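Could you build all of it, start to finish, from the sequences and the hints given here?
Protein chains: 2
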Amino acid sequence: MAEITTIAQQFVQFYYSTFDSDRSNLSSLYRPGSMLTWEGTPIQSAASIIEKLTSLPFSKVQHKVETLDAQPSSPTTPSIIVAVTGLLQVDDSPNPLQFSQTFHLIPDGGSYYVQNDIFRLNYGA
Amino acid sequence: MAEITTIAQQFVQFYYSTFDSDRSNLSSLYRPGSMLTWEGTPIQSAASIIEKLTSLPFSKVQHKVETLDAQPSSPTTPSIIVAVTGLLQVDDSPNPLQFSQTFHLIPDGGSYYVQNDIFRLNYGA
Chain A
1 MAEITTIAQQ
11 FVQFYYSTFD
21 SDRSNLSSLY
31 RPGSMLTWEG
41 TPIQSAASII
51 EKLTSLPFSK
61 VQHKVETLDA
71 QPSSPTTPSI
81 IVAVTGLLQV
91 DDSPNPLQFS
101 QTFHLIPDGG
111 SYYVQNDIFR
121 LNYGA
Chain B
1 MAEITTIAQQ
11 FVQFYYSTFD
21 SDRSNLSSLY
31 RPGSMLTWEG
41 TPIQSAASII
51 EKLTSLPFSK
61 VQHKVETLDA
71 QPSSPTTPSI
81 IVAVTGLLQV
91 DDSPNPLQFS
101 QTFHLIPDGG
111 SYYVQNDIFR
121 LNYGA
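Chains A and B supply the protein sequences, listed in that same order.
Heads up: the first sequence at position 12 corresponds to 12 in this note's numbering, and the numbers run straight through without jumps.
Heads up: the second sequence at position 45 corresponds to 45 in this note's numbering, and the numbers run straight through without jumps.
Hints in this document: simulated from the structure, not taken from any laboratory.
Computed from a prediction, not measured in an experiment: that's the story for all the values here.
Worth double-checking, as some hints may not be accurate.
For identical chains, the list gives no copy identity; a pair is met inside one copy or between any two copies.
Stated by the list, open to error - Calculated cross-link-like contacts (lysine to any residue; reagent style SDA-like; alpha-carbon spacing at most 25 Å): (1) K60 to Y123; (2) K52 to T5; (3) K60 to R23; (4) K52 to P72; (5) K60 to L26; (6) K52 to A2; (7) K64 to T41; (8) K64 to P96; (9) K52 to S74; (10) K64 to E39; (11) K52 to I4; (12) K60 to P94; (13) K64 to L121; (14) K60 to A46; (15) K60 to S111.
Given below as structure tokens:
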């Protein structure tokens, strides 16, 4: 479990720092079969995912991870499910938004790619 | 995707209605290799998971699902990742709590069991 958590932490750190600096650079993390569900909208393939992420209507964004949990997703293959909750701040809005995001990471050639990605903003009660 | 979403909806409806009526009845959904991470605490096996869930310090609980997203978790096996956000109300507290929960469902004999389960309460900014 310790190794799984370390891999998840490194992935999440890389993912959000890349998202917040230049999100077009996330394309190397996705594959043709990768899936993103963004606020309920399903999107498939690295190209379509990056097109969606880069067309989001804000220019500045900053993620702050509050919780990160990771588990091996299978007894037989070393893939990892990562669940994140946190806050994000867009442009000059003073109010951070809460989000939750789930990733499914698949090992490939010493690295990992994102097979599944589910993102939701969380609104209060 | 339509079938995946239907299975996820049926699972989630069953899961939370069982949780809210008698959570000891959830044991049939887990296996010896199932994992739960509850508010950061990792727990493994159906028996330990049910022991944790039934010892939670509230007697009445009600979940309200706000968002549900589902994706196939693999190109080769028909397993499903389900991400839920919602509100839950415990005992006689007037204030619902926000939560997010991720499930990884594995098919087995015409049904599904929970291989992975990650639960977090979400606190505001």
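Going through the hints against the structure:
Taking the closest pair of Cα atoms, K60 and Y123 come within 25 Å of each other both inside a single copy (21 Å) and across two copies (24 Å). Taking the shortest alpha-carbon separations for K52 and T5, only the inter-copy value of 22 Å comes in at or below 25 Å, while the best intra-copy value is 28 Å. Only within a single protomer do K60 and R23 lie at most 25 Å apart by alpha-carbon distance; the minimum there is 11 Å, versus 44 Å between protomers. Taking CA atoms no more than 25 Å apart as the test, K52 paired with P72 passes between copies only; the shortest distance there is 20 Å, against 28 Å inside one copy.
For a Cα distance limit of 25 Å, the shortest separation of K60 from L26 inside one copy, 16 Å, qualifies, whereas the shortest one across copies, 44 Å, does not. Proximity of K52 and A2 under a CA criterion of 25 Å is satisfied inter-copy only: 22 Å between copies versus 33 Å inside one chain copy. When the C-alpha separation of K64 and T41 is checked against a cutoff of 25 Å, the pair qualifies both within a copy, at 23 Å, and between copies, at 21 Å. Proximity of K64 and P96 under a CA criterion of 25 Å is satisfied in both settings, with 9 Å inside one chain copy and 24 Å between copies.
When the C-alpha separation of K52 and S74 is checked against a cutoff of 25 Å, the pair qualifies only between copies, where the shortest distance is 22 Å, while the shortest distance within a copy is 29 Å. Proximity of K64 to E39 under the C-alpha cut-off of 25 Å is found in both arrangements, the shortest distances being 19 Å within a copy and 18 Å between copies. Proximity of K52 and I4 under a CA criterion of 25 Å is satisfied inter-copy only: 23 Å between copies versus 29 Å inside one chain copy. With identical chains, the CA atoms of K60 and P94 are at most 25 Å apart within one copy only, with a shortest distance of 13 Å there and 37 Å across copies.
Taking the shortest Cα distances, K64 and L121 sit within 25 Å of each other both inside one copy (13 Å) and across copies (16 Å). In this homomeric assembly, K60 and A46 come within 25 Å of each other (Cα to Cα) only inside a single copy, at 22 Å, whereas the closest approach across copies is 44 Å. Proximity of K60 to S111 under the C-alpha cut-off of 25 Å is found in neither arrangement, the shortest distances being 28 Å within a copy and 45 Å between copies.
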